[in-house]
Amino acid sequence: MDIVKSLITSALDNINQREKRDGKPRFNSHFLRTYPYLCLAMVVSYLFLGVLIYYAPYFGFYWLLGFSALFLVMAAVLLFEIKPVYHFADIGVLDLRVCYNGEWFVSEIVPPETINALLSHPQVSDALKQNIRRTAETKNDLSFYDLFLIAYPEKHPEKQASHWMKGAA
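With our numbering applied, the sequence shown covers 764 to 932.
These aren't lab readings, by the way, just hints derived from the structure by calculation. Where is the CB? At the ideal position from N, CA and C, for every residue including glycine. Take the hints with a grain of salt, since some may be wrong.
[As the list claims (entries may be wrong)] Derived lysine-lysine pairs resembling DSS-like cross-links, with alpha carbons at most 27 Å apart: (1) Lys787 / Lys846; (2) Lys787 / Lys892; (3) Lys768 / Lys787.
[Claimed, not checked] FRET-style restraints, in silico, Cβ to Cβ: (4) Asn777 / Glu866: 32 to 38 Å; (5) Asp785 / Leu812: 34 to 40 Å; (6) Val869 / Met837: 29 to 35 Å; (7) Thr901 / Cys862: 26 to 32 Å; (8) Pro799 / Arg896: 26 to 32 Å; (9) Ala832 / Glu917: 48 to 54 Å; (10) Glu917 / Pro788: 42 to 48 Å; (11) Asn777 / Ile845: 19 to 25 Å.
Please build the complete structure, drawing on both the sequences and the hints.
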């Protein structure tokens, strides 16, 4: 493992530990506290619809039980959150994991101590250090995706496509 990858991996491990990112579902009352009137409206509408389902001649008690189970499942989905674990291998990957994890690598900022460790490490090339400094000065903050593109330009999908197109001409 090269030094850039090991420093990025250790920074991601620190973020995962600090933010308690373990990929497990946890109860979160944030939705209840943020949207109390929406929660109340959901319960009131459930009650009205439950009465309607129960007294309708073509539904009945079993439909009410099924609807109640569906309501409880949907309410539980809103009350749980999953903090996905950040991995180095996920940086720059655009597949179905983005639906679950989001593009965290674009918005998550590299900690300053990681940048300083990269800039002061003797195994990091001077050209890479210069690119890191220039990008950090231009953007003020350096995301994990920025650092990944600077350190591993050959793994960028657009670079590969343009290289392939040049070879085909």
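If you draw a straight line from the CA of Lys787 to the CA of Lys846, is it 27 Å or shorter? 7 Å, holds
Does 34 to 40 Å hold as the CB distance between Asp785 and Leu812, or does it fail? Given about 37 Å between the Cβ atoms, the range holds.
Need the status of pair Lys787, Lys892: alpha-carbon distance at most 27 Å? Roughly 37 Å separates the two Cα atoms, so the pair is violated.
Cβ distance range 32 to 38 Å for Asn777 and Glu866, holds or violated: 20 Å, violated
Is it true that the C-beta distance of Thr901 to Cys862 lies inside 26 to 32 Å, as the hint says? With a Cβ separation near 31 Å, Thr901 and Cys862 satisfy 26 to 32 Å, so the hint holds.
Cβ distance range 42 to 48 Å for Glu917 and Pro788, holds or violated: 37 Å, violated
For the range 29 to 35 Å, tell me whether the beta carbons of Val869 and Met837 fit it or not. 30 Å, holds
Status of the given 48 to 54 Å range, CB of Glu917 versus CB of Ala832: 51 Å, holds
Within 27 Å, alpha carbon to alpha carbon, are Lys768 and Lys787? Holds - the C-alpha atoms of Lys787 and Lys768 are around 26 Å apart, at most 27 Å.
Supplied distance hint 26 to 32 Å, evaluated on CB atoms of Pro799 and Arg896: Violated - the Cβ-Cβ distance for Pro799 and Arg896, about 48 Å, lies outside 26 to 32 Å.
Measuring from beta carbon to beta carbon, are Asn777 and Ile845 in 19 to 25 Å? Roughly 20 Å apart at Cβ, these two residues keep to the hinted range, so it holds.
Hints 2, 4, 8, 10 from the earlier list are contradicted by this structure; the remaining hints agree with it.
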